[in-house]
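Participant: Letter by letter, the chains look like this.
Number of protein chains: 2
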Amino acid sequence: MNPFEIDLEQNAANYTPLSPLSFLPRTAAVYPEHTAVVHGSWRTSWAQTYTRCRRLASALAARGVGAGDTVAVMAPNTPPMFEAHFGVPALGAVLNALNVRLDADTIAFILDHGEAKVLITDCEFSEVIKAALTQLGRDILVIDIDDPQAAGGGERLGEIEYEDLLAEGDADFAWKLPDDEWRAISLNYTSGTTGNPKGVVYHHRGAYLNAVGNVMTWGMTQHPIYLWTLPMFHCNGWCFPWTITAQAGTHVCLRRVEAGPIYQAIAEHKVTHLCGAPIVMQMLLGAGKNERRDIDHQVEFMTAAAPPPAAVLRAMADAGIRVTHVYGLTEVYGPAVVCAWHKEWDSLPIEEQARLKSRQGVAYVVEEGLMVADAETLEPVPKDGETMGEVFLRGNIVMKGYLKNPAATREAFAGGWFHSGDLGVWHADGYIELKDRSKDIIISGGENISSIEVEDVLYRHPAVAAAAVVAKPDDKWGETPCAFIELKADAAVEAAEIIAFCRENMARFKAPRHVVFGPLPKTSTGKIQKYVLRQRAAEG
Amino acid sequence: MNPFEIDLEQNAANYTPLSPLSFLPRTAAVYPEHTAVVHGSWRTSWAQTYTRCRRLASALAARGVGAGDTVAVMAPNTPPMFEAHFGVPALGAVLNALNVRLDADTIAFILDHGEAKVLITDCEFSEVIKAALTQLGRDILVIDIDDPQAAGGGERLGEIEYEDLLAEGDADFAWKLPDDEWRAISLNYTSGTTGNPKGVVYHHRGAYLNAVGNVMTWGMTQHPIYLWTLPMFHCNGWCFPWTITAQAGTHVCLRRVEAGPIYQAIAEHKVTHLCGAPIVMQMLLGAGKNERRDIDHQVEFMTAAAPPPAAVLRAMADAGIRVTHVYGLTEVYGPAVVCAWHKEWDSLPIEEQARLKSRQGVAYVVEEGLMVADAETLEPVPKDGETMGEVFLRGNIVMKGYLKNPAATREAFAGGWFHSGDLGVWHADGYIELKDRSKDIIISGGENISSIEVEDVLYRHPAVAAAAVVAKPDDKWGETPCAFIELKADAAVEAAEIIAFCRENMARFKAPRHVVFGPLPKTSTGKIQKYVLRQRAAEG
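The listed protein sequences derive, respectively, from chains A and B. Numbering follows this note's numbering, with no gaps: position 65 of the first sequence is 65. Numbering follows this note's numbering, with no gaps: position 136 of the second sequence is 136.
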């Protein structure tokens, strides 16, 4: 053993588990009076926010929540959702933010599979949550968020309201980091290709590093003003609850992602950064004159899911908003790949800029490996911009694995790389570009829809003999599900009935928008030729 | 065990040891043509720099250097010194950058204690190195740097010149991260309070995190242009070789830190960032008209060691340079504490701004703990701005420990905190302010001088009965050593002889500038009252 390995062990002075929990007490100590969270007319300073998060942790602990317990939250981008990103892990518990667009069946499945001990739920969603809890069939602690800024209409379902819970808590609750940076910090369900969603587990180390990676990638200075257009239930808002806190910024909440309120927030609060699917950009660009506000400062917009077209980029630039294109999946904490910009590209024609920016790009500085390779052999494809392969990632911002699903975890990590399931090419300059998704995911308004899940429902309809669902390009939503259906002999049904049947049996946003009847194109071995259907959907 | 701990282990897909070695291949891949290193008329792109670092690693490996071996470098801020920060650890070896101002005795001690297997040395220092190697008395591989941009005059001592060594190396050498992020990356000797310097060991995790911390603290965007005024042999240049590389910036080298070349580099290369002791600021402000250049862009200057006075801050602002005040020690990778600025302070009178900025501040975001506490009990002092205590730090940017010195390591980490040895107070807003140094360190021109080391030499002079060395404030150097001497009865000696004697027996810069003869003030128990001497030195 060389001398550098002797008598130089880790100890309390020189080693602390990495955790984004460290960011909050530091920011509260250094900038106690700085505005932390804005929600309409409501605002808290960093000192107050830290106190509220300690109260949340303390009150949950007093009610029996402890290390390794799951706390689910069903809420839009409001202060409680933000506070849960700190208050829940501060007691060693695991945050499970639920997609508010999911149906009762799926929510019941997630609460069951994730073993939620607590559900904090915004009254807006009381109807679907009530149904989910009935289905769940076991008692859990339910805490209502009765947001005075909500439109109203929902009902309280739980034992206590969120603000009353905080009042129970101890403002001096001892803030504790995890004993190990590999401990779970959150659980995010992804719509997989099979019927049931998979629970992606994040650890403290990865959450810390992705937060840091966002700062480095975006070149963030102190005090960013961040508008919450991206749902926090998507990959923990791409880790921005932690990122913005580390930089002592301000979180501007938003219950509804609509053009008017977004413009108003940007103008009023001098928002510097926001994220969202391309539909948010389109919403901004399509806004009416009375919704728009003049923006006289630089705004940065991070987008993913689909490459921004040239016209959109130009219009965004005209509106004073610079677009950064990133790529990621739930399994990699949100963004893990960025189309890192080259200054010299600024002088190219806008169409050429758009072509360059439409590429997903290169690994985040905190990610270690990115490649396009043969899906079976993991042999990298040539960097010729033509040879298709699967996209693989590795490094510290790759999930811990899938909860209670060792087979899926093993499969996802086979060969020491995370298998994204996305297909793409590798350009000569090392930038990757997605070309297709191997797992038949349709991305509609930033939400993933599994075509297989939709097909499963269609097959349950008594008139359906065969069904295939593909993405249909859509100006507003990016893509929408389009169903191709072969009916059983003598069966007769209309498109509207099929769509209604789907809406009854899954989340509304997953239901097909278009239904086309007729024989399905098949290979000689009987496999449905989806690429033919994609062409038809695009043309039709 | 809760489900989050089952079947969710670390593997090659989701865990990579943190190391700044990751930054170089990424930057070389994303920005291959971007200028990486400038040295006079010489420049390399990031692709070339990566190749050169691989060649260095490969050539050293071929000559038998391996994991855990020490590679010492004696050089000013030139490309080889920078490249050693990547090429040496890339083969698992440990970089030991030597302070070029040290004397042969101390260098021989360091090469011996650090077990250097290789010495890469700039010809400028051949005289002192020749003497050190003779003293060392064992053969090591010596590699000369014969920099065409040097003033010349030195001689080659080694087997091979640096560029010839690189030519031996393999440009495709496989870049390997350490198998464990706790492995040593570098060794930095600090002048301790006892005669021999201590070898501070840095690990890859800490180097990575401090690099990231610099980016976050300074709000660095992509492509900073960094001027190397701070020696890389000081705490690995405060980790900026790694920081700037992570952000795909440009390193502008500098053999001599002089006003003219600094202004010229700032103007010519549009330097955005530089670091240095206060003497560098004074040098800039005291520059003659013919040395100055107009600066029409924002320049950021990070300084440590002594608080910048109001006049200096104002003059720097007038010159277009914003000053950030940091604090650290070799043991914490350089800067670990920053006087985090509040925007509202901008509107205060400049004297008040200077008072606020003269405070050392708060912990870096990547450091976990900072406190002023009782040196014995580690009980934090009240935040009253008055009660003195010792400064303690803890977290991931605290050294691995002292090489082959478990007693000193244990002492430094007693109670789970790093004992800085610096004394200060804690203000109500949580900012610390240094008031004195408990270990009698004199900081002269940014270099630490141990008063005890100087006293040890003085005591060796036959005429000296008792000696005490304290810091004397100095307009140019910040502080200089001032010796107070009680002569033996009947002994007679002049100040000039004492100073000459010191210069012969230690590095020139450590020798006292002033010598005062007379009886030393002592306590009733015979302890020399240094605070009395400090007053006299300040007045005299």
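Keep in mind that the hints were calculated from the coordinates and are not lab data. Since the structure is predicted, the reported quantities are computational estimates derived from the model, not experimental observations. Among these hints, one or two may not hold up.
Which copy is meant is left open, so a pair is good if it fits within one copy or across any two.
As the list claims (entries may be wrong) - BS3-like, lysine-lysine: derived pairs with alpha carbons at most 30 Å apart:
1. Lys117 with Lys476
2. Lys343 with Lys270
3. Lys130 with Lys435
4. Lys383 with Lys176
5. Lys117 with Lys176
6. Lys404 with Lys476
7. Lys130 with Lys176
8. Lys435 with Lys383
9. Lys343 with Lys435
10. Lys383 with Lys270
11. Lys488 with Lys522
12. Lys117 with Lys404
13. Lys404 with Lys343
14. Lys117 with Lys130
15. Lys130 with Lys404
16. Lys488 with Lys176
17. Lys476 with Lys435
18. Lys343 with Lys383
19. Lys343 with Lys488
Participant: Within a copy, between copies, both or neither: where do Lys117 and Lys176 come within 30 Å Cα-Cα?
Facilitator: within (21 Å within a copy, 44 Å between copies)
Participant: Evaluate Lys343 and Lys435 at a C-alpha cut-off of 30 Å and name the case that applies: within, between, both or neither.
Facilitator: within (26 Å within a copy, 46 Å between copies)
Participant: Indicate which option fits the pair Lys383, Lys270 if close means a Cα-Cα distance not exceeding 30 Å: within, between, both or neither.
Facilitator: Cα proximity of Lys383 and Lys270: none, with 42 Å in one copy and 35 Å across.
Participant: Is the C-alpha distance from Lys343 to Lys270 at most 30 Å within one copy, between copies, in both cases, or in neither?
Facilitator: So Lys343 and Lys270 pass the 30 Å test inside a copy (26 Å) and across (15 Å) alike.
Participant: For Lys130 and Lys404, with the copy left unspecified, which applies at a CA distance of at most 30 Å: within, between, both, or neither?
Facilitator: within (26 Å within a copy, 65 Å between copies)
Participant: At most 30 Å between C-alpha atoms: does Lys404 with Lys476 qualify within a copy, between copies, both, or neither?
Facilitator: Neither. Shortest intra-copy (37 Å) and inter-copy (66 Å) distances fail the 30 Å Cα cut-off.
Participant: How would you classify Lys130 and Lys435 at a CA-CA limit of 30 Å: within, between, both, or neither?
Facilitator: neither (41 Å within a copy, 62 Å between copies)
Participant: Within, between, both or neither: how does the pair Lys404, Lys343 come out at a Cα-Cα threshold of 30 Å?
Facilitator: neither (46 Å within a copy, 49 Å between copies)
Participant: With identical chains, the pair Lys383 and Lys176 could be close in the same copy or across copies; at 30 Å between alpha carbons, which is it: within, between, both, or neither?
Facilitator: Classified as between; 23 Å across copies, 47 Å inside a copy.
Participant: Up to 30 Å between alpha-carbons, please classify Lys117 paired with Lys130: within, between, both or neither.
Facilitator: Within one copy only: 16 Å inside, 71 Å across.
Participant: Give the relationship of Lys343 and Lys383 under a CA distance limit of 30 Å: within one copy only, between copies only, both, or neither.
Facilitator: within (23 Å within a copy, 47 Å between copies)
Participant: Between Lys343 and Lys488, at a C-alpha cutoff of 30 Å, which is it: within one copy, between copies, both, or neither?
Facilitator: neither (59 Å within a copy, 71 Å between copies)
Hint compliance for this structure: hints 1, 3, 6, 7, 10, 13, 16, 19 are broken, all remaining hints hold.
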